[in-house]
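K.L.:
Take the sequences, apply the hints, and build the full model.
Read top to bottom, the protein sequences are chains A and B.
Be aware that the first sequence starts at 1, since it is given in our numbering, and climbs by one per residue.
Be aware that the second sequence starts at 1001, since it is given in our numbering, and climbs by one per residue.
Check each hint, because a few of them may be wrong.
[As the list claims (entries may be wrong)] Taking CB as the label site, the calculated pair distances span: (1) 235(A) with 1077(B): 40 to 46 Å; (2) 1092(B) with 96(A): 24 to 30 Å; (3) 214(A) with 1036(B): 56 to 62 Å; (4) 1076(B) with 45(A): 42 to 48 Å; (5) 182(A) with 1056(B): 36 to 42 Å; (6) 1020(B) with 182(A): 22 to 28 Å; (7) 111(A) with 1065(B): 39 to 45 Å; (8) 168(A) with 1018(B): 49 to 55 Å.
[Claimed, not checked] Derived PhoX-like pairs (lysine-lysine); straight-line CA-CA distance at most 20 Å: (9) 140(A) with 168(A); (10) 183(A) with 1018(B); (11) 1012(B) with 1038(B); (12) 196(A) with 140(A); (13) 181(A) with 1012(B); (14) 174(A) with 1018(B); (15) 1056(B) with 150(A); (16) 141(A) with 1018(B); (17) 1034(B) with 1063(B).
Hints listed in this document are in silico derivations from the structure and should not be mistaken for laboratory results.
We put the beta carbon where it would ideally sit given N, CA and C, even for glycine.
Each chain is listed here by its residues.
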Amino acid sequence: MSEEWRLLLTGQHNAAENMAIDRAILTAHSRGLVPPTVRFYSWSPPAISIGYFQRLYEEIDIEACKKHGVEYVRRITGGGAVFHEHELTYSLVISEKHPKIDTNILESYGSICGAVMKGLSYLDIVSTYAPINDILVNGKKISGNAQTRKQKTVLQHGTIIMDVDVEKMFSLLKVPNEKIKDKLISDVKQRVTSVKSQMDVMIPFDTVAEAMKKGFEDTFDVKLQLGQLTSDEHELTEEYFDTCFGTKEWNDQRL
Amino acid sequence: MFFICGHLFIMKSQSIYKVPQGKLLKISLESDNKQHIKDISISGDFFAYPEESIQKLEEVLKKSLLEKNQLFTIISHFISSNEVQFIGIDAESLTEGIMRCLDE
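P.N.:
Below you can see the structure in the form of structure tokens.
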């Protein structure tokens, strides 16, 4: 019989809540309170997350975000700025000692991205892995991924782009040189795709989530059992929201 | 940008370096007349394990001589002795990013 991991469908949350929930699951799992967990979620209002090593004011046009009702948050994972609007975001939290997780960080990126690729295959989308952290379809990015390891626990989260508005994205992100912004937008349009572009129709979130569930189950030979956040995790989420992701101090770091 | 502080010229400069086959590396540097690092901030879309190692490296680099070989040695030693793993940057590109601040 396959090992059981927990599946969380936490729906839509704001930016700081979403990052606080992932952080809370990591801590709860590291304390042995919850099983390995796969979570699917989305963002409301839309938000930009920046990588741990990025500077908020270099990456994001704060005034444009306010104007468009877009939030922003700094992640605990490295990588680049991501505009989260029409997408499914996943996270996987699992002990770094778990036999199904590679000790080697690069290899573990590959195996977890493999689960996303398998999920895409259930939508008849053939994808390829572009190390270290991208998944491509016909050479265009459909998924970005980022991993951290803390408290002897792996957290990898990533996006599956369901639809993308490149113009809106660039109205919110800062570019190094405004003079080449139009060229950059045109380049990115050539380099990014979405589930909608690949299937010629907007697929519901639940359909993408079902495909991803199968992808994770197949890849790791586990059964994902639907569960809920525990009361410990709710408390930890509040704590991380109040002391970290919901604070200016955290989001403005590295200025 | 220059400031006069005592008898030293404090220079602030920045570099943005797309590491070949790697990630974007941004360095903000304060130096005394391009001789020693007074302060440094390393940012970008790279990965570092553990993440806190970047802040430690910034501390280690303070007061270092702005000389390519010395910087490379300090950074390489920091990576190996602290069991740090970088993805998208390495000792060579960090050295290059810092040295590019002097080109301004």
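K.L.:
I want to verify a distance hint. Is the separation of the beta carbons of residue 1020(B) and residue 182(A) within 22 to 28 Å?
P.N.:
holds, 26 Å
K.L.:
Between residue 174(A) and residue 1018(B), is the straight-line Cα distance small enough, at 20 Å or below?
P.N.:
holds, 17 Å
K.L.:
Given the hint that residue 196(A) pairs with residue 140(A), does the C-alpha gap stay at or below 20 Å?
P.N.:
holds, 13 Å
K.L.:
Given the proposed pairing of residue 141(A) with residue 1018(B), does the C-alpha separation stay at or below 20 Å?
P.N.:
Answer holds: residue 141(A) to residue 1018(B) is near 19 Å, not above 20 Å.
K.L.:
Given the hint that residue 183(A) pairs with residue 1018(B), test it: the Cα-Cα distance must not exceed 20 Å.
P.N.:
Distance of about 18 Å is within 20 Å: holds.
K.L.:
Quick one: are residue 111(A) and residue 1065(B) within 39 to 45 Å, going by C-beta?
P.N.:
holds, 43 Å
K.L.:
Take a look at whether the Cβ-Cβ distance between residue 235(A) and residue 1077(B) falls inside 40 to 46 Å.
P.N.:
The hint (40 to 46 Å, Cβ to Cβ) holds, given that residue 235(A) and residue 1077(B) are roughly 42 Å apart.
K.L.:
Quick check on a hinted range of 24 to 30 Å for residue 1092(B) and residue 96(A), using CB atoms only.
P.N.:
This hint holds: roughly 28 Å between Cβ atoms.
K.L.:
Under the criterion that the straight-line Cα-Cα distance not exceed 20 Å, is the pair residue 1034(B), residue 1063(B) satisfied?
P.N.:
This hinted pair holds, its Cα atoms lying about 11 Å apart.
K.L.:
Could you check the hint for me, namely that residue 168(A) and residue 1018(B) are 49 to 55 Å apart, CB to CB?
P.N.:
Distance hint for residue 168(A), residue 1018(B) is violated at roughly 25 Å.
K.L.:
Just to be sure I understand the hint, the distance between the Cβ atoms of residue 214(A) and residue 1036(B) should be within 56 to 62 Å; is that true here?
P.N.:
holds, 57 Å
K.L.:
Under the criterion that the straight-line Cα-Cα distance not exceed 20 Å, is the pair residue 1012(B), residue 1038(B) satisfied?
P.N.:
holds, 10 Å
Violated hints, in rising order: 8 and 13; the structure is consistent with all others.
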